[in-house]
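Each protein sequence line maps, in turn, to chains A and B. Quick note, the first sequence lines up with residues 224 to 306 if you use my numbering. Quick note, the second sequence lines up with residues 82 to 481 if you use my numbering.
Rather than coming from a laboratory, the hints here were simulated on the basis of the structure. For every residue, glycine included, the Cβ atom is placed at its ideal position computed from N, Cα and C. Heads up, a few of these hints could be off.
[Stated by the list, open to error] Distance condition first, Cα-Cα at most 25 Å in a straight line; then the derived SDA-like pairs of lysine to any residue: (1) B:Lys87 <-> A:Ser263; (2) B:Lys185 <-> B:Lys87; (3) A:Lys265 <-> A:Ala245; (4) B:Lys87 <-> A:Gln290; (5) B:Lys253 <-> A:Asn284; (6) B:Lys253 <-> A:Val279; (7) B:Lys95 <-> A:Glu303; (8) B:Lys253 <-> A:Glu303; (9) B:Lys253 <-> A:Phe277.
[As the list claims (entries may be wrong)] Partner residues aside, some chain A positions facing chain B, computed with beta carbon under 8 Å: (10) Ser263; (11) Val264; (12) Leu267; (13) Asp278; (14) Ser280; (15) Pro282.
Here are the chains, one letter per residue:
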Amino acid sequence: MTSNYNETLERICVHLRRIAGAGVEIGADTNILDQFALDSVKVLDLIMEIEDEFDVSIPMNLMTDVQTVKDLTQMIQRLESGE
Amino acid sequence: MDLLEKFDAFVAGKQELLAIKPDIFGTPIERMCSATEAIIGGRRILLAGTNNYLGLTFAPECLQAAHEAIDNEGTGTTGSRMANGNYSGHRALERELAEFYNCKSAIVFSTGYQANLGAISGLAGPGEVLLIDAHCHASIYDGCRLSGAEVIRYRHNDAADLDRRLRRLGDKARSTLIIAEGIYSMLGDKAPLKEIVEAKNNFGSYLLIDEAHSLGVLGTTGQGLVEEAGVTDQVDFITGTFSKSLGSIGGFCVSKHHQLEAVRYLSRPYIFTASPSPSNIASVRAALVLLKNGAELRQRLWRHSGRLYSRLKELGYRLGPVVGPVIAAQVDTPQQALALWTGLIERGIYVNLIFPPASPQDKPLIRCSVSAAHTDEQIESLCQAFAELSAFASDTTGGG
Numbered sequence: 224m225t226s227n228y229n230e231t232l233e234r235i236c237v238h239l240r241r242i243a244g245a246g247v248e249i250g251a252d253t254n255i256l257d258q259f260a261l262d263s264v265k266v267l268d269l270i271m272e273i274e275d276e277f278d279v280s281i282p283m284n285l286m287t288d289v290q291t292v293k294d295l296t297q298m299i300q301r302l303e304s305g306e
Numbered sequence: 082m083d084l085l086e087k088f089d090a091f092v093a094g095k096q097e098l099l100a101i102k103p104d105i106f107g108t109p110i111e112r113m114c115s116a117t118e119a120i121i122g123g124r125r126i127l128l129a130g131t132n133n134y135l136g137l138t139f140a141p142e143c144l145q146a147a148h149e150a151i152d153n154e155g156t157g158t159t160g161s162r163m164a165n166g167n168y169s170g171h172r173a174l175e176r177e178l179a180e181f182y183n184c185k186s187a188i189v190f191s192t193g194y195q196a197n198l199g200a201i202s203g204l205a206g207p208g209e210v211l212l213i214d215a216h217c218h219a220s221i222y223d224g225c226r227l228s229g230a231e232v233i234r235y236r237h238n239d240a241a242d243l244d245r246r247l248r249r250l251g252d253k254a255r256s257t258l259i260i261a262e263g264i265y266s267m268l269g270d271k272a273p274l275k276e277i278v279e280a281k282n283n284f285g286s287y288l289l290i291d292e293a294h295s296l297g298v299l300g301t302t303g304q305g306l307v308e309e310a311g312v313t314d315q316v317d318f319i320t321g322t323f324s325k326s327l328g329s330i331g332g333f334c335v336s337k338h339h340q341l342e343a344v345r346y347l348s349r350p351y352i353f354t355a356s357p358s359p360s361n362i363a364s365v366r367a368a369l370v371l372l373k374n375g376a377e378l379r380q381r382l383w384r385h386s387g388r389l390y391s392r393l394k395e396l397g398y399r400l401g402p403v404v405g406p407v408i409a410a411q412v413d414t415p416q417q418a419l420a421l422w423t424g425l426i427e428r429g430i431y432v433n434l435i436f437p438p439a440s441p442q443d444k445p446l447i448r449c450s451v452s453a454a455h456t457d458e459q460i461e462s463l464c465q466a467f468a469e470l471s472a473f474a475s476d477t478t479g480g481g
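Bound-form chain A, shown alone (with noise of 0.2 Å):
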């Protein structure tokens, strides 16, 4: 089933708050590799979380075009719906 937008950053977020640590604002506009200071290994980690939390297969490939959360949000809900 597919989840709805908020629910999906929702899920997301709480992925990020865990490797972000505390104090760091979270939303839709945050810019993950900026805000996180996360190198690309770490992003490719995290990647495979949200691979399993939503069940899906994010290819490297389609990462080049994620800078926010809002853009990875909205890209899970393209490859939950099959697109």
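Place chain B on chain A using the hints.
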């Protein structure tokens, strides 16, 4: 920003590291003395970070073959295999590699890096899937990128995670190439190959194993992990390098599938580069014979590896999970890694210093590679140097 400004910013950020002598990024070797010693900074240094697992770089058979090839065929081919660089030695080595693995096809590439780049980008393309272990080498990641295929990672050495990701792919699992390594270069751990083969068989996928660090090291005849695990005939593609156990430069891909031959015509890293020089090929052919018959070399290599691993463990160094010729000590900070590396070079020992993100778990590594050419005394010197620096050992899990 000006095109070149970013380089100034990069160098400024690395001033502290670049000021260290000898240079930690490309230590200047003044002269090689043997497979295990070199002159660095005017001093004779014991080399324990070379990937020269069987110690064949000075084997008389390899030297003679290389000398003869230079005399008879010249210093280089000056062209691609697809043009003027397809010599009898290249074709003979491909036949010998195919025979070694009891495979139908073999392709020789100009470097090990290009073997992965060329094989992966030739085998998979847009609309197909590459499912790779998260700890795979940069050459595999770059091959994946060049292919244009969809790239998905599975958790390092986790066959259950691989199985889950294959299941998720549905019908696409049949057009999926799984990629893993025999021995992983950072921590020296081995792929759970039997379980990976089982997963790929269950889903009708294909499997490529990179034996770069395990060729010559594992298996009765040195084929690598495929032989040790008894699955050589079930693995679809095997890549490897000539620049470690075979003591030269170049790489290969072998396969039980005759379709590998077609990759020659589709692989840009194979087509658009000069073929290996005749002397490289000749020394590899001689080294391959020594490798196949190298049970004694492997015995010595594993004896040395076991000794160094257990001694470092006793001293409390935090090591990879299994004994092997790649023995990496993990430390917590770059400063600790630098101090340990510097302490070792001051004591006449060269090892590899690796920083994240190249090293896993966000921790720097001091990586040793053991060689069959090391003497018992050299291994003892190595152990002694680590013992003198054991303040950097930080394993609190009861290693010692």
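Each hint, compared with the structure:
no., hint, verdict
1, B:Lys87 <-> A:Ser263, "holds, 19 Å"
2, B:Lys185 <-> B:Lys87, "violated, 48 Å"
3, A:Lys265 <-> A:Ala245, "holds, 18 Å"
4, B:Lys87 <-> A:Gln290, "holds, 22 Å"
5, B:Lys253 <-> A:Asn284, "holds, 17 Å"
6, B:Lys253 <-> A:Val279, "holds, 13 Å"
7, B:Lys95 <-> A:Glu303, "violated, 43 Å"
8, B:Lys253 <-> A:Glu303, "holds, 16 Å"
9, B:Lys253 <-> A:Phe277, "holds, 18 Å"
10, Ser263, "holds, 7 Å"
11, Val264, "holds, 4 Å"
12, Leu267, "holds, 6 Å"
13, Asp278, "holds, 6 Å"
14, Ser280, "holds, 5 Å"
15, Pro282, "holds, 4 Å"
In summary, the structure is inconsistent with hints 2 and 7 from the numbered list given earlier, while agreeing with the others.
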